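*Asks:* The lines below spell out each chain.
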Amino acid sequence: MSILGIRRALSIPRFTRRHLERDVEEELAFHIVRRAEKLCANGMSREDAYAEATRRFGNVSSLRNECVDIDRGDLRRERFMDLIEHTIGDLRFAVRSFRRAPGFTAAAIITLAGGIAMLTSIFSFFNAVYYARLPYHDADRIVAISEQRGSHGSVDFSSVSLDALPFVRDARSFERLSAYQQGGSTLMFGTEPQLIRTLAIDTAFAPMLALRAELGHMLAPDEIIGNARVAMISDLVWRNRYGADPLVVGKQLLVNDRAFTIIGVMQPGFRFPWQTDVFTPLRQTPDSGSTGRDTDVGIIAKLRPGVSRAVAKNELAVISPRLASIDSKLYRGAQLVMRDEMLDRRSGQFLPQPGLFLGAGVFLLLIACANVTTLFYVRAAQRAGEMAVRASLGAWRSRLIRQTLTECLALSSAAAVLGTVAAFIIVKVSLHFMPTNGFPSWFHLAVDTRILLFVTAVTALVTIVVGLSPAREGTRFDLVKTLKTGGDGGMSSRSAVRGSKRGLVIQLAMSVMLFVGGALLLRSLQRMTSIDVGYPAERIAMVIPFFNSAWSSDAEKTSRAAQDIVDQAAQTGGIGASAVRGFFYKLRETPGAIPKRVPAEPRRFRMRLIPDGDTTRAIGNLSPSYRQYVVSDSYFNVLGLKIRSGRNFGFQDAAGMSVAGVISATAAKELWGSMNPIGRTVQMDGVDEQITVVGVVDDIRDLVGGRRGFHADPGVTIYLSTRQALAASPSILATSPVSVAAARAAIVDITRRVDPLAVIGRETTMASDFELQLLVVKVFGGVIAALAGSALLLSIVGIYGVVAFGVAQRTREIGIRIALGGSTQEILRWITTDALRFVSLGLGIGLIASVSVSRLMRILLYNVSPLDPVVYGAVILVFGVVALVACYLPARRVTRIDPLIALRAE
Amino acid sequence: MADTELSIFRESLDLLILKSLTLGPKHGYAVAEWIEHATKTVLLVDEGTLYPGLHRLARRRLIEAEWGLSENNRRAKYYAITQAGRAKLRTHAPIWHRYAEGIAGALRMTDPETA
Numbered sequence: 001m002s003i004l005g006i007r008r009a010l011s012i013p014r015f016t017r018r019h020l021e022r023d024v025e026e027e028l029a030f031h032i033v034r035r036a037e038k039l040c041a042n043g044m045s046r047e048d049a050y051a052e053a054t055r056r057f058g059n060v061s062s063l064r065n066e067c068v069d070i071d072r073g074d075l076r077r078e079r080f081m082d083l084i085e086h087t088i089g090d091l092r093f094a095v096r097s098f099r100r101a102p103g104f105t106a107a108a109i110i111t112l113a114g115g116i117a118m119l120t121s122i123f124s125f126f127n128a129v130y131y132a133r134l135p136y137h138d139a140d141r142i143v144a145i146s147e148q149r150g151s152h153g154s155v156d157f158s159s160v161s162l163d164a165l166p167f168v169r170d171a172r173s174f175e176r177l178s179a180y181q182q183g184g185s186t187l188m189f190g191t192e193p194q195l196i197r198t199l200a201i202d203t204a205f206a207p208m209l210a211l212r213a214e215l216g217h218m219l220a221p222d223e224i225i226g227n228a229r230v231a232m233i234s235d236l237v238w239r240n241r242y243g244a245d246p247l248v249v250g251k252q253l254l255v256n257d258r259a260f261t262i263i264g265v266m267q268p269g270f271r272f273p274w275q276t277d278v279f280t281p282l283r284q285t286p287d288s289g290s291t292g293r294d295t296d297v298g299i300i301a302k303l304r305p306g307v308s309r310a311v312a313k314n315e316l317a318v319i320s321p322r323l324a325s326i327d328s329k330l331y332r333g334a335q336l337v338m339r340d341e342m343l344d345r346r347s348g349q350f351l352p353q354p355g356l357f358l359g360a361g362v363f364l365l366l367i368a369c370a371n372v373t374t375l376f377y378v379r380a381a382q383r384a385g386e387m388a389v390r391a392s393l394g395a396w397r398s399r400l401i402r403q404t405l406t407e408c409l410a411l412s413s414a415a416a417v418l419g420t421v422a423a424f425i426i427v428k429v430s431l432h433f434m435p436t437n438g439f440p441s442w443f444h445l446a447v448d449t450r451i452l453l454f455v456t457a458v459t460a461l462v463t464i465v466v467g468l469s470p471a472r473e474g475t476r477f478d479l480v481k482t483l484k485t486g487g488d489g490g491m492s493s494r495s496a497v498r499g500s501k502r503g504l505v506i507q508l509a510m511s512v513m514l515f516v517g518g519a520l521l522l523r524s525l526q527r528m529t530s531i532d533v534g535y536p537a538e539r540i541a542m543v544i545p546f547f548n549s550a551w552s553s554d555a556e557k558t559s560r561a562a563q564d565i566v567d568q569a570a571q572t573g574g575i576g577a578s579a580v581r582g583f584f585y586k587l588r589e590t591p592g593a594i595p596k597r598v599p600a601e602p603r604r605f606r607m608r609l610i611p612d613g614d615t616t617r618a619i620g621n622l623s624p625s626y627r628q629y630v631v632s633d634s635y636f637n638v639l640g641l642k643i644r645s646g647r648n649f650g651f652q653d654a655a656g657m658s659v660a661g662v663i664s665a666t667a668a669k670e671l672w673g674s675m676n677p678i679g680r681t682v683q684m685d686g687v688d689e690q691i692t693v694v695g696v697v698d699d700i701r702d703l704v705g706g707r708r709g710f711h712a713d714p715g716v717t718i719y720l721s722t723r724q725a726l727a728a729s730p731s732i733l734a735t736s737p738v739s740v741a742a743a744r745a746a747i748v749d750i751t752r753r754v755d756p757l758a759v760i761g762r763e764t765t766m767a768s769d770f771e772l773q774l775l776v777v778k779v780f781g782g783v784i785a786a787l788a789g790s791a792l793l794l795s796i797v798g799i800y801g802v803v804a805f806g807v808a809q810r811t812r813e814i815g816i817r818i819a820l821g822g823s824t825q826e827i828l829r830w831i832t833t834d835a836l837r838f839v840s841l842g843l844g845i846g847l848i849a850s851v852s853v854s855r856l857m858r859i860l861l862y863n864v865s866p867l868d869p870v871v872y873g874a875v876i877l878v879f880g881v882v883a884l885v886a887c888y889l890p891a892r893r894v895t896r897i898d899p900l901i902a903l904r905a906e
Numbered sequence: 001m002a003d004t005e006l007s008i009f010r011e012s013l014d015l016l017i018l019k020s021l022t023l024g025p026k027h028g029y030a031v032a033e034w035i036e037h038a039t040k041t042v043l044l045v046d047e048g049t050l051y052p053g054l055h056r057l058a059r060r061r062l063i064e065a066e067w068g069l070s071e072n073n074r075r076a077k078y079y080a081i082t083q084a085g086r087a088k089l090r091t092h093a094p095i096w097h098r099y100a101e102g103i104a105g106a107l108r109m110t111d112p113e114t115a
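Residue numbers (the working numbering), protein chains in the order written: chain A, 1 to 906; chain B, 1 to 115.
Read the hints as simulated data drawn from the structure, not as lab findings. Quick caveat: nothing in here was measured; it's all calculated off a predicted structure. Some clues are possibly wrong.
[As the list claims (entries may be wrong)] These stretches of chain B come out as covered by chain A in the derived footprint (C-beta under 8 Å, 3 or more residues):
(1) 13-25
(2) 55-68
(3) 71-85
By construction, the Cβ of each residue, glycine as well, lies at the ideal position given by its N, Cα and C atoms.
Next comes chain A alone, as it looks inside the complex:
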């Protein structure tokens, strides 16, 4: 379409102010000239005549402006009224013509509504997570600050050590600073211990966020400073556990075996940062036995009015080097970093892989658009006669295009309304199947202006994508010819067939891409379920006890409890063997030394290993499959791992003796190649002592997700003995001659006896972790497969429609062929071949596009190349067969064509 045509269609004013000014100037100049000529004729000199003629105008330029202003008001109003008038007319016309074609209308609206519903429901999740305003006072000025030591990749935003805190307080960009500490505690409701999240807050916290108590009172400064045994409970706990009891204030709450007095209920929905249920005072000094260096707090800070985030970041960067004055070794290169918001909404826990989901949604909508475009082409052909009549009555082509676009707008608007309603039903239903406590408190799925804007934008896009090309094709015709043939034949229907094929090719290509994506995921899933992890994971019961959190300040106690469970299990019938395994936390202190405090979360050291004290041979980049485990003697036996050389742990590996390590076969190979590792030493970060290798054991594998997809390589694994090292969050593993369930039940019983306050994790077997990881892939696979299925269905409908339409358009031609003696078989083959030509074009384009796009899916794939030949083969087969059937069925109609009737058809 020409620029002019577009402008006319969109009703953009032709005259700019410059044009109007020139117009008026010319008009006035004419007057002056005429006046002057007359004055000259009366005997005035030329100069005087012009001067007099101009004088009579007064101020010419202001007069000009006055006239231009009048004209502009005119233009604007006129154009606007015209637009409204035409649009209303067009809409009325559209509704009338839709009523005449209910099948077409319903098909188009439902198809588009489906696409819009899918995309909108995905977007509403996206919207809720990424754009919802945080419901805190002055949330737009509150940032989070963290301290980064060493070169860790990720920054934990709940970690500024108490020693570093005064340096942060020096920063002048912030009006106010508040510290908090997250924790997990056991809470007794009746006899059932429950693990809850706690938040210890300082005096600045509640005022900064303007928090209020729904009941009772907010933690008061004197209670916080005096470290009183008081707590507030979340609104959720109050409602669910106390039945919204108005007399809850003053009741006792058992947190970690200690009684706290409930002083209030927090304002509804406040569970910062993540599902917090109990709020307590923050100790202002490190716990006994630990220093300000290893006591971390989270920091939120409020920017001074007018201070930008960039300025604050700069200031923190300037302050950072001063941290070295605390401890030049520990704080070397330490940085204070800032996050723009107090919460991290981008963290995967809220919405994994939003891009993939949104992308899939956009894709489905585009497929729906392509499908409806195909329908529109067919319709444009059928209406060629009507268009030609209107054109002959003097309608501009731009008017006809606008008419078609208005029809599209009417359709897509109807689809948008329907789609939005459907989207919210989808969201409501899917929320039903999701754990609602998996969402943060500020997460509200609701129709807001952003979603409505989104839907509006989508609708506009759909209108243009769907309408523009058929509108152009449908109004480009040879007037005389079209009118002569009665509007059913001629050029325009040919071009409509071509156009509808083009739409179908696009649609097919995109369906193929979705299908490839779905198939890759399914294949990945199939491969994942057949991974050999090196031990019979589903036959080993696993119990992860969260021991009485009062003990968590003492890793010795939790380790001893875990050992007690294993010891008691050994004397219990029904349990074959049991063992303890936990992540390495630290070496046991030699007797007499002061134990260190254990942080709530285990620290992971995954940096490097140094063999034989030779740093030049150190191996780094060990993550993510690098593991440091602390295990009991029976561990290898329980898992069925063979000691390949050397020995298992034993009595000789007592605390204070040289640290013994058993390493995996892969570790041995990585560190020493073909040399015998027994008796050699290795050093790992976080442990000062050299570890002496006493044994080499079979590899184990885990499914590990990463940037380049899932993998299950036998990683480097180092085991230390529970005799010499302490474990963070130990788990109990057990086998049973009877059944896994029996083994688990027995271990749970024993655990309850050892620690009545222990909360038992949900894991049942060693395969549980693995299954959780599979869940992500399964959800994705499910969504993509569903989308691919609908895309395939749409493709079938599309192919069928286009072939049927083509046959109908060529009825006469076919009739002639039959009359001239062509066999129906031959004609059938001719039509099918013709149809398959564009089907294979779409298939080809789709496959090529898939090859380039499927790489983006690698993150979800395990052991499947994005170019997996089986997947591509299957896609070609499925689409080929489907296309063949969808072509053949409508094409078969030609065999029933009676040449006599066909020739008379027009």
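Since the structure of chain A is already known, use the hints to place chain B on it.
*Replies:* Chain B in isolation, oriented as in the chain A frame:
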């Protein structure tokens, strides 16, 4: 405008313009001349009010503008009266007659006291 000349109100100017165009399309200069001529040069039309008047009438669709060639072959903007313009003239001319006659009659009246 000089004191001796009568200033004409916008409303009456509109009517005069419409009236001038009933005799055929004219450009702005011709409209001004016609008015001066028709009012026996009692009314000298001020260009500063004539052109805004023309544009206002065009905006209200009482007249239409179109570019054309003048008698001596120059480009000029011609105005023509529309159906709406004729209707306006028909309804408003009598009102103006009554108004003008009323004022004139009142001013002609001899004051009994000074007579």
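*Asks:* Work down the list of hints and note, for each, if the structure agrees.
*Replies:* Now for the hints, and whether the structure bears them out:
1. 13-25: violated (count 0)
2. 55-68: holds (count 4)
3. 71-85: holds (count 4)
Comparing the model with each earlier hint shows a violation of hint 1 alone; every other hint is respected.
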